[in-house]
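Enquirer: Here is what each chain is made of, one letter per residue.
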Amino acid sequence: MDYLREHPDRVLELANEHVRLVAYSIVLAILIGVPLGVLITRVRWLEAPIINAAGILYTVPSLALFAIMIPYTGLGRDTVVIALVLYSLLAIVRNTVAGIDGVSPATLDAARGMGMTSTQRLLMVELPLALPIIMAGVRVATVAAVGIATIAALIGAGGLGRLIFDGMSRLDTDRIVAGALVASALALAADWGLALLGDLLRRDTRRTAGRG
Amino acid sequence: MLGDLQDFVTYIREHPDTFWELLSQHVQLTVYSVLIGIAIAVPLAVLVSRVPVLAKPMTWLAAIGQTIPSLAILAITLPFLGIGFRPSLFALTIRAVLPIFLNAYVGLRSVDPAIVDAARGMGTSNAQLLLLVELPLATPVLFAGIQTATVQTIGLATLAAFIGGGGFGDWILQGLGLLDNPVLLAGAIPVAVLAMVTEIAMSRLRRLLVPTGLQIGTR
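Read top to bottom, the protein sequences are chains A and B. Quick note: the first sequence uses our numbering, first residue 6, plus one each step. Quick note: the second sequence uses our numbering, first residue 10, plus one each step.
Because the hints were derived from the structure by calculation, they are not lab data. Please note: incorrect hints may appear among the correct ones.
As the list claims (entries may be wrong) - So, partial list: chain B residues that the calculated Cβ filter (under 8 Å) puts toward chain A:
1. I77
2. S79
3. A81
4. G164
5. L168
6. G184
7. L187
8. D189
9. M205
What the hints assert, rightly or not - Non-contacting residues of chain A with respect to chain B, defined by C-beta distances greater than 10 Å in every case (computed):
10. R49
11. A53
12. A59
13. I87
14. L201
Just so you know, even glycine gets a beta-carbon here, dropped at the ideal spot from N, CA and C.
Assemble the whole structure, with the sequences as input and the hints as a guide.
Expert: Encoded structure:
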């Protein structure tokens with residue numbers, strides 16, 4: 006705990022790096038994963054290959070994935086962001102598909118009966134109704150990314166892992182505990198924060214749906 | 010690019026003894042921690058399913074535990090237990106217990122109360138009910154938890170190299186330290202293959218394990 010008390014600035018700076026690394030990767034993963042999920046619901050035979058590929062990729066240990074990419078993308082932030090995006094795709098694509106599949110056929114029929122085009126149906130009906138489930142996927146991916154990002158420090162991408170690795174090499178318990186504690190707190194905060202956001206979205210969808 | 014790939018195969022060919030030693034350490038770390046994990050998690054899940062007061066706090070704790078970054082768990086064992094195989098095993102086991110416990114508990118809870126009633130009506134003892142009815146019915150979900158734990162532990166065992174636990178992480182760290190791509194890949198590619206093969210093999214095995222009558226309704 007002493008390290009936290011004596012170097013709050015340093016810890017804050019590393020936490021900031023950590024959050025940015027994760028946020029950047031998750032936003033990219035959403036931008037790639039949601040369209041990919043939508044594509045799967047339109048071109049059904051793509052489902053098995055894409056989901057299986059993402060599932061297999063997910064099993065690759067993070068340190069190994071970093072290592073395999075280093076000869077091509079080098080040390081540093083790029084490698085970590087690409088790896089985090091690849092890991093996050095599974096949860097986001099799978100939940101996007103599940104969310105859109107879960108929209109009731111009657112709702113879609115009603116939308117079609119109102120003369121909505123397929124683009125309008127997607128943007129105004131399917132995606133808003135699927136949002137809580139997509140958010141659940143984002144939550145799982147974010148918590149995992151906060152954990153994996155601690156290893157990023159090893160390949161020069163900064164973040165709270167710096168404290169953990171520095172502490173391990175100097176046998177400085179204070180640093181290890183500070184890094185581990187703040188990283189865990191960040192993961193828990195992401196978990197709870199996104200759960201809360203998911204609940205709010207769900208309530209909002211229900212209200213809007215009831216009004217319409 | 011392709012040169013690196015050829016060089017890593019060459020590197021493994023030139024160091025077969027180290028390769029087999031690292032593989033054996035990696036597999037031992039994984040198998041031991043999953044087995045110890047099962048030995049702790051399954052009885053714990055049975056206990057929690059019998060004592061409802063424990064259910065909420067224990068599942069809550071397990072969920073929080075799963076949120077904590079693996080590296081944090083591994084790093085915190087270092088100052089207390091030192092370096093080597095055993096401290097690594099300890100950290101990996103803590104991690105493996107969580108998914109096995111959660112799945113075992115969910116599996117036991119999802120057993121149809123009507124089936125339990127029927128078994129009771131046939132005069133089963135508590136032990137018989139558990140061993141002959143509940144655990145077999147919970148097996149598919151439990152096995153999914155063991156699969157998650159195993160694949161996750163293979164990944165975490167890569168990090169065990171940081172605290173002297175051995176395994177393929179040794180070569181990855183060496184490759185990182187020397188910026189030597191063949192060594193880096195000689196550690197990374199085998200461990201990636203190991204994780205993927207384990208995932209695929211255990212998925213197949215899971216389908217075989219589930220009795221035909223149970224296959225509908227379980228994922």
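Enquirer: Evaluate each hint against the coordinates.
Expert: Consistency of the hints with the structure:
1. I77: 4 Å, holds
2. S79: 6 Å, holds
3. A81: 4 Å, holds
4. G164: 3 Å, holds
5. L168: 6 Å, holds
6. G184: 7 Å, holds
7. L187: 12 Å, violated
8. D189: 10 Å, violated
9. M205: 5 Å, holds
10. R49: 19 Å, holds
11. A53: A:A53 is indeed farther than 10 Å from all Cβ atoms of chain B, at 13 Å.
12. A59: At roughly 12 Å from the nearest Cβ of chain B, A:A59 sits farther out than 10 Å, so the non-interface label holds.
13. I87: 15 Å, holds
14. L201: 15 Å, holds
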